[in-house]
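Chains as they are written, first to last, in our numbering: chain X, 1 to 402; chain E, 1 to 256.
Treat the hints with care, as some may be off.
To be verified - A short, non-exhaustive set of chain E residues, derived as facing chain X with CB atoms under 7 Å:
hint, residue
1, Gly-52
2, Pro-62
3, Glu-104
No wet-lab data here; the hints were simulated from the structure. Heads up, the beta-carbon is just placed ideally off N, CA and C, and yes, glycines get one too.
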Amino acid sequence: MKRSRIALAAATLIMPTLASGTPAVTKSAPPPPPPYAGVYQPRGVDEIGMWRDQDEEERQLSKSPLVIRDEALNSYVKGVLCTAVGPDRCKAARIYILRTPVFNATMAPNGTMRVFTGLLLRMRSEAELAAVLGHEFGHFESRHGLNRFKAARSGTDLLSWAAVLTSMSGSYQAQSSFNSLQLSVYGGLFHYQRDNEREADLLGLGYLNASTLRPQAASQVWQNVMGEAEASASARGLRKPRFDAIAFTASHPPDAERAAYLGALASPEGASRDDGAARYAKAMSSWLPLFLDDQIKLNDFGASEYIITMLSSGGWTAPLWCARGDLYRARGNQRDLVAAVEFYNNAVALDPKLPEAQRGLGLALLKTGRASEGKAALSRYLALKPDAPDAAMIGMLTAKDS
Amino acid sequence: MLSKKLFAVAFAAVLFAAPATAQERTAVKKGFDLANGSRKTVLVMRPTVRVGAQSTGGMFEPNGDWTEQSKKNIELALAKIQGKLGNKIVVAPEAFGDGARLTEEYAALFAAVSQSVINYQFFVGNRLPTKKRDNKADIFDWSLGSGVANLPGAKDADYALFIYNKDAYGSTGRKLLQAVALLGPGIAVKSGEHAGYAGLVDLRTGDVLWLNADGAMGADVRTAEGADKRVGQLLEGFPGSQPEKTSVTTSAVAKP
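Please construct the entire structure, taking both the sequences and the accompanying hints into account.
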């Protein structure tokens, strides 16, 4: 019993240190960007060790088949980061665009930034992308990776001692104190991580406030995320997701909270600035079909439909109609196939030379019992793209007797 | 959006999650024999070396200085041991572009295959029934596929040697915890982790010809002498080598 008290005393000693790095999220004034201290080098055994590990991982990453190496796309994304955080800071980061249809970006302690194509698909403007990239850069500038490693280490160190002391005592009460200690240590670590995310949010917004882009976009990112989550849930018949609740193991603050404080702290005089939506749409236009195709294959109808509808807010294009047709054709109910035919027809009307639209149209028509029209569309596909990888298979469908 | 890996590691590593007992095992593909002095060329792929400390709670603490030092030591030790292996050892050339990507993919594939061997054929606990049968029938049949022939440097060599080595030296806190846990409640806490494996791959067929896995090695790789010993342990039972101990003639000879 005495020992359990020792363990608890130790807990109360250490928990404040776990939380000491907690930034106070002041919600009164927009945060200024922190003074730039120059590109930093790792200091101390832990940080040097982490950087070395990360250097090795980056070495592998740079050769990964997932990385999109297109020079134009890479320099564009890097340019957006530089606009957000300034030309000095952005030298510290190396960006790798990964073909992964998930809304995410990460920053390693040594300055390796991974940007997922699912993020590029969901952003609507340079300002939105800059908000996310600035957030990631904030993690780097504030050494969050290192701090979390240290916090996790102190937490697990404490727990191992507590576990040994508890088993020495062996009493029921000691066990129960250990259980609550375990909960508070893990809870503290998750809480610490969420606070890091808040701090990075504010740093990202600070860069954006000081940049030439519209800082209000940061809040828009999270509103769109909530919209997509709602659309995804409702298409699956699930209950509306809650955006204000914090789960015990949540790694990030709830979306609604982020949207609220980012909106409130965005510099009001920045509201009239350009958000670079047109430039962004132009840079992504040739990549959209690929990104959309990957997204559709996730089999998340509501979310994909939400994204396509969002993208079409500036006007429907042939690739967008085609993607919508693919989405409906993939779900594949008879009513979906009929709808898909309509969407592909819209795409063909806008661009008769788009081979994918002809292909989808032909396949959808075949499945709705309009064989002769379908074969004609498939023949047009083969004429437009004779060296298509599936040419032989489609050729079988267009044969006279089939 | 930092990676969640850190927490996963923290959770997994916490406390007495010591893996099974000391384990070491070697296997040779049936019918393969590399006679000493057969003048074959062995291509040594870039060894994977991670050296650090183990925190009191069991987390791996990477140490840049130790890793650099150990890597250098292991490379030097490999060059020294060449004579004993009875064959020519060539370090794989640093590749660029597509060659580098291919090398990276095969390194990852070898890591996955050797992990499968270790988990499903070598050590008690998780072995597959089919692999247990293989063990009885002396069968060791794994391959990376004949695509290995396209690896940079493969044209001028016969075999590729892959080496993986991870060391976590128990910190003072971990050792203290170990002592207290043993003296008090009598719990065995493992301090330090020294695991590694080495494998030989046929550069024509891609077959894994020999694999040696050791979950608990000795010697301190941070020193030159230690690295010599460690490389000796990693290459224990290398076909055609002249081991100090009795030679391993049959395949799959090891402690259980």
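Verification of the supplied hints:
{"no.": "1", "hint": "Gly-52", "result": "holds, 6 Å"}
{"no.": "2", "hint": "Pro-62", "result": "holds, 3 Å"}
{"no.": "3", "hint": "Glu-104", "result": "holds, 4 Å"}
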